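Number of protein chains: 4
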Amino acid sequence: MCRFLAYAGPPVFLDELLVRPSASLIAQASKAREAKTAVNADGCGVGWYGERSEPGLYRGVLPAWSDANLVSLCRQIRSRLFLAHVRAATFGEVATANCHPFAHGRHLFMHNGQVGGYERLRRRMDALIPDDLYAARKGTSDSEALFLAAVGQGLDRDPVGAIARTLRDIVALARDAGEADEPLRFAAVHTDGETLHAYRWASDGNPPSLYCREEGEGIVVASEPCDEGSGFWTPVPSGTLLTVERRSGARLRMFDPLAEEAERRVRAA
Amino acid sequence: MCRFLAYAGPPVFLDELLVRPSASLIAQASKAREAKTAVNADGCGVGWYGERSEPGLYRGVLPAWSDANLVSLCRQIRSRLFLAHVRAATFGEVATANCHPFAHGRHLFMHNGQVGGYERLRRRMDALIPDDLYAARKGTSDSEALFLAAVGQGLDRDPVGAIARTLRDIVALARDAGEADEPLRFAAVHTDGETLHAYRWASDGNPPSLYCREEGEGIVVASEPCDEGSGFWTPVPSGTLLTVERRSGARLRMFDPLAEEAERRVRAA
Amino acid sequence: MCRFLAYAGPPVFLDELLVRPSASLIAQASKAREAKTAVNADGCGVGWYGERSEPGLYRGVLPAWSDANLVSLCRQIRSRLFLAHVRAATFGEVATANCHPFAHGRHLFMHNGQVGGYERLRRRMDALIPDDLYAARKGTSDSEALFLAAVGQGLDRDPVGAIARTLRDIVALARDAGEADEPLRFAAVHTDGETLHAYRWASDGNPPSLYCREEGEGIVVASEPCDEGSGFWTPVPSGTLLTVERRSGARLRMFDPLAEEAERRVRAA
Amino acid sequence: MCRFLAYAGPPVFLDELLVRPSASLIAQASKAREAKTAVNADGCGVGWYGERSEPGLYRGVLPAWSDANLVSLCRQIRSRLFLAHVRAATFGEVATANCHPFAHGRHLFMHNGQVGGYERLRRRMDALIPDDLYAARKGTSDSEALFLAAVGQGLDRDPVGAIARTLRDIVALARDAGEADEPLRFAAVHTDGETLHAYRWASDGNPPSLYCREEGEGIVVASEPCDEGSGFWTPVPSGTLLTVERRSGARLRMFDPLAEEAERRVRAA
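Chains as they are written, first to last, in the UniProt record's numbering: chain G, 1 to 269; chain Z, 1 to 269; chain Y, 1 to 269; chain B, 1 to 269.
No lab work stands behind these hints, which were simulated from the structure alone.
Possibly wrong hints are sitting among the right ones.
Identical chains blur together in the list; that is why a pair holds if it fits in one copy or across any two.
In silico SDA-like links for lysine to any residue, alpha-carbon gap of 25 Å or less [stated by the list, open to error]:
hint : residue 1 : residue 2
1    : 138       : 60
2    : 138       : 159
3    : 31        : 89
4    : 138       : 252
5    : 138       : 117
6    : 31        : 158
7    : 138       : 19
8    : 138       : 250
9    : 138       : 75
10   : 138       : 20
11   : 31        : 60
12   : 138       : 178
13   : 36        : 239
14   : 31        : 171
15   : 36        : 130
16   : 138       : 27
17   : 138       : 123
Computed from a predicted model, the values in this text were never measured in an experiment.
From just these sequences and the hints, can you work out the full model?
Here is the structure:
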């Protein structure tokens, strides 16, 4: 399990959301309240959009609370769109390449959850990554494999469909591998630098916590409220997708990657 | 605050005491039960005596639970005398040079506690280190300064007296600096490779926790019991010094570095 | 390219071979003389056999010359069989998981050379690793993939045959992938804790440098001589395998993994 | 010895000067041409001014060429004033706290050179740091001590005078300590976020190399030319100070911190 925070809206300094709040993401590294593991000290990372089309990326293996570089960057960088993450390793060593967010071209992705039985499914998940993307596989985590598989599924032109197809594929391969009992739990944020998508879904109906809040004219999405007065935080319902777009603002809709498959089965029957 | 464990006795593999127990030191890195801070993830270290007169030393900045080197070393090394430590930084960056144990010649030292007001006393404490030892100052922690000051006080030929004089000096300089209200809390282990000294003392009568236990024909000293069935662990009383020698075994005696000073004052009055 | 050194014989302290010589492996990290790259500062590692059946393993990402842990370990550990390596990354991030030696059960392996076109062959090479070993893949280097593939080929019961078959497989898949022009260059050491095998071979007849020398009653194998008076170092010829066994001592023989294939083709024709 | 580069002028992306040139600072980390040591791989750092009054700071212990964070930051950050440094440690462990640049309030400082005999002078140099700045001493390098001493000498209101007095003090204490034969060599850049000062001076007339070049309407100062066509680089003469101000542009003048003292002696005689 891990903890994360994302923001989309008018440019803000990152430290306003990541460092200053009483229960900031950095504080959650040592004392998360709604995570399976209170300690999320297996590395940290931040990705942000500035003047380039591709995002900036900083990742490190130290616990967030002792990473002076992270704090200095958060204080300097002002961004209209950024993702930040503190990791509690499930599978995959503590290594920079296993820290979130993951970047590919103009895309950023981060994940909190688990691919049940990943240790046994890893090779099959790697097989979901297309040949031409395989060189981009730098670490050994389930999250990076999931992201690259989604890139291969067309994240660029059909972001939600690509994520849905990837989750469906993983559920299918777990079932084929006799790991059907192992749940796929997925709280994640993906962005192409313009639109932000935040997902909360699990194959067993029990996804990790996810909240959102208005921040001025922007939107914050986070694993858990990051300030004490958490009155303004709204839980994101299980099985939904929160989309934040520059023009049209935030929108919540149902998200069930298995639905289409269920539908297909009905038709096939 | 930090957590530590030391052993003296017939040679044992380090992992028997540091890795395998249910509440091992490595487990305490993320979940200590009797420490001020449950998380002790600001680095770790182990020092041991093998075939050389001076000890081996391994220290790293990652949390102990994700340090594969530490686990491999503990599994390979068998030693009659070793010290191990997981750090929760109070003052001094997360850096190898600030990790315990500290080594000097054939001596090893580790500490759990605090020098109250250290941030303001640091220069005065550095001044306690003799000129010829100052080049050995590699980090910025209070514990290293205390150790080098004690080396300067004659740790080699009068180990207990040197520690006592150093603690007395620190209490005096805190008083002179108007920091008398800040307590000096000291749970520590020092060894010259033959005799092990474990101290538990505080200027305000409130030292960090310390326990000991027989382990076969050897003795274990630890910040807190490292297995669930903690029936055999004996608390080391506040204001005492536990000495373990090869021939004469373990011995507990009173330790009050300020007593001599009190005596002096009485005489002077 | 990288530099390495291995030793088999009566127990010696590691620092005698790794630290003290004027052109020691640690010195070669910043100034190798016979390597493609003079700087080999992308991490370092040492594996050794002690009292356990499986080896100890220490690996770190800092350049060897600034790794105080490495020096302390080398000074403490005395071993009858050890491997040491300093890395110059070709493919694979600077990360602990990409540092040599690699360990699997009681086996140790390290490599200096290249799998030509690896970036394009990586997926195919990963496919050489059997399913039940895939979870042991921790990094992204060609060397680790080669090692795990060899484990899958039966390194345990037929060490030389397993390496030969693996090299043959890699040459074949490179040919199939249209990378036949890219050479496979292989200077490597493998041991199961008893017998040491040092290989020097390349598909284009141009393998990395490799030397050996008697050290008392033991044998040292190294990428290049590690002392100035290099008179006693013997170059290991290209296309040979040096085997060191406890009882029978050192033996040099021809090694051409493609020979059997050539033979097979002749037969098939 | 180390290598560095600084820029002042219209905002540019950092990678244009630090990453893209054929002999960029990152390339100099493994292959400097005019440094005492060709390898400058003991850490790296960059400090820059953005929207805040105090600078951003990124420092890491890995060699610059393998630091993906450094490259990403250089690609994202656009700045009118920045300093970058790759380190070859003389004294002071490889640790983040010993990496340049050093920051204090709105000041940045970096140094290439040596305080001769520093290991023996260290305590005396620490004594040059005023009490209220001593808590800001995070590492053990001569450069950080020199910088904090200069802050204490009034770097804020009299930048050049403060540096001159500090250098004079160090020369004096070296003389008093019987280290007069050990040279003080000083190529350094200091800035308060507005004006950039680049110094090249040595007590033995033999300072490290330093060059400058026009870059559009800005000025680059560097230890050595960072592109092959080095025709436009001008050597900064020994014993001079290059000052770059927003309004008045670049100006070169004599700099001899000992001159005033010589003068004083003449007067006193």
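Here's how the hints hold up against the structure:
1. 138 <-> 60: both (14 Å within a copy, 18 Å between copies)
2. 138 <-> 159: within (22 Å within a copy, 30 Å between copies)
3. 31 <-> 89: both (15 Å within a copy, 16 Å between copies)
4. 138 <-> 252: neither (33 Å within a copy, 39 Å between copies)
5. 138 <-> 117: Cα proximity of residue 138 and residue 117: in one copy and across copies (21 Å, 17 Å).
6. 31 <-> 158: Neither, since 37 Å and 43 Å both go past 25 Å.
7. 138 <-> 19: between (29 Å within a copy, 22 Å between copies)
8. 138 <-> 250: neither (33 Å within a copy, 40 Å between copies)
9. 138 <-> 75: between (29 Å within a copy, 20 Å between copies)
10. 138 <-> 20: between (32 Å within a copy, 23 Å between copies)
11. 31 <-> 60: Both: 19 Å inside a chain and 23 Å across chains, each within 25 Å.
12. 138 <-> 178: The answer is between: 24 Å across copies meets 25 Å, while 28 Å in one copy does not.
13. 36 <-> 239: The answer is within: 19 Å in one copy meets 25 Å, while 40 Å across copies does not.
14. 31 <-> 171: Neither, since 32 Å and 34 Å both go past 25 Å.
15. 36 <-> 130: neither (33 Å within a copy, 33 Å between copies)
16. 138 <-> 27: This pair counts as between: shortest inter-copy Cα distance 23 Å, intra-copy 28 Å.
17. 138 <-> 123: both (15 Å within a copy, 12 Å between copies)
Consistency note: the structure conflicts with the earlier hints numbered 4, 6, 8, 14 and 15.
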